[in-house]
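*Asks:* The sequence shown finishes on residue 602 if you use the working numbering, and the numbering steps up by one all the way, no holes.
If you are wondering where the hints come from, they were derived from the structure by calculation, not from laboratory data. Take the hints with a grain of salt, since some may be wrong.
Mimicking SDA-like on lysine to any residue, the simulated pairs with C-alpha atoms at most 20 Å apart in a straight line are [unchecked claim]:
1. Lys-483 with Tyr-562
2. Lys-563 with Leu-592
3. Lys-483 with Leu-537
4. Lys-527 with Gly-585
5. Lys-563 with Asn-573
6. Lys-589 with Thr-599
7. Lys-483 with Pro-548
8. Lys-563 with Cys-574
9. Lys-563 with Leu-583
10. Lys-563 with Val-489
11. Lys-589 with Cys-490
12. Lys-527 with Asp-547
13. Lys-563 with Asn-553
14. Lys-589 with Ile-572
Okay, the calculated beta carbon distance ranges per label pair [said to hold, decoys possible]:
15. Pro-593 with Ser-531: 31 to 37 Å
16. Val-523 with Asn-573: 24 to 30 Å
17. Asp-536 with Ser-602: 37 to 43 Å
18. Ala-520 with Pro-548: 19 to 25 Å
19. Asp-568 with Ser-531: 39 to 45 Å
From the three backbone atoms N, C-alpha and C, an ideal C-beta is built for every residue, glycine too.
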Amino acid sequence: MENKPHFSIVFVVIISLTASMLCSNAQLEAKNPVTDVCLGCLCEATSGCNQTAICNYGACGLFRVTYAYWVDGGKLTLSNESPDLPEAFPNCVNDPYCAANTIQNYMARYKQDCNDDGEINCYDYAAIHRLGGYGCKGALPPRYYETLNS
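Please model the complete structure; the sequences and the hints are all you need to start from.
*Replies:* As structure tokens, then:
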């Protein structure tokens, strides 16, 4: 009989820790919905993962992030620089980690099933990335689509 209260306490602690871990994983997934593999696919489809720090036609970096996308992704910056500085946008989106975190934030905000297949996966994130949070149900450019599927 003396072991039953001890067993109950251990059981409650184990259940509490398990629930806490599950909640933490759910929060992590909500904060970072895009897998690293999917980020790699987005990079390949968008720029061929060209690491040249460049801005063309208003889109910058490996993922060709635009200013509006960066704003919707939380205006992240490097080294605590002010997001109001003119160089804050290109500095972030030309940095692979800052750009990836911007994408994670953007996807957490606009996450949806773009192709109505009943699940949210890398295809949906690719459509959101390319067509925007409100236009992801449109057709992807053929080259982008082919690169994603290769």
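*Asks:* Hints first: check each against the structure and report whether it holds.
*Replies:* Going down the list of hints, with the structure as the test:
In summary, the hint linking Lys-483 to Tyr-562 is supported, as the alpha carbons are separated by about 12 Å, within the 20 Å threshold. This hinted pair checks out: Lys-563 and Leu-592 have alpha carbons roughly 17 Å apart, not beyond 20 Å. For the hint linking Lys-483 to Leu-537, the alpha-carbon distance of about 26 Å lies beyond 20 Å, and the restraint is violated. For the suggested pair Lys-527 and Gly-585, the alpha carbons sit about 16 Å apart, so the restraint of at most 20 Å is met.
For a cut-off of 20 Å, the pair hint linking Lys-563 to Asn-573 stands: about 9 Å separates their Cα positions. Of the supplied pair hints, the one linking Lys-589 and Thr-599 holds, its CA atoms being roughly 18 Å apart against a limit of 20 Å. Note on Lys-483 and Pro-548: the hinted pairing holds, with a Cα-Cα distance of about 18 Å set against a maximum of 20 Å. Proximity of Lys-563 to Cys-574 is assessed by CA-CA distance (about 11 Å); at most 20 Å being required, the pair is judged to hold.
For the hint pairing Lys-563 with Leu-583, the CA-to-CA distance comes to about 13 Å; that is within 20 Å, so the pair holds. Among the hinted pairs, Lys-563 with Val-489 is consistent with the structure: their alpha-carbon atoms are about 17 Å apart, no more than 20 Å. Distance hint between Lys-589 and Cys-490 is fulfilled; the C-alpha atoms sit about 19 Å from each other, no more than 20 Å. For the hint linking Lys-527 to Asp-547, the alpha-carbon distance of about 13 Å falls within 20 Å, and the restraint holds.
Among the hinted pairs, Lys-563 with Asn-553 is consistent with the structure: their alpha-carbon atoms are about 15 Å apart, no more than 20 Å. Of the pairs offered as hints, the one joining Lys-589 and Ile-572 holds, with about 13 Å between alpha carbons and a cut-off of 20 Å not exceeded. For Pro-593 paired with Ser-531, a C-beta distance near 35 Å keeps the hint of 31 to 37 Å intact. Restraint check, Val-523 to Asn-573: a C-beta distance of roughly 26 Å satisfies the suggested window 24 to 30 Å.
Checking the proposed 37 to 43 Å range against Asp-536 and Ser-602 shows it holds: the Cβ atoms sit about 40 Å from each other. In this structure the hint that Ala-520 and Pro-548 lie 19 to 25 Å apart at CB holds, the actual value being about 20 Å. Between Asp-568 and Ser-531, the C-beta spacing of about 42 Å keeps the proposed range 39 to 45 Å intact.
The structure does not agree with numbered hint 3 stated previously, though it agrees with all others.
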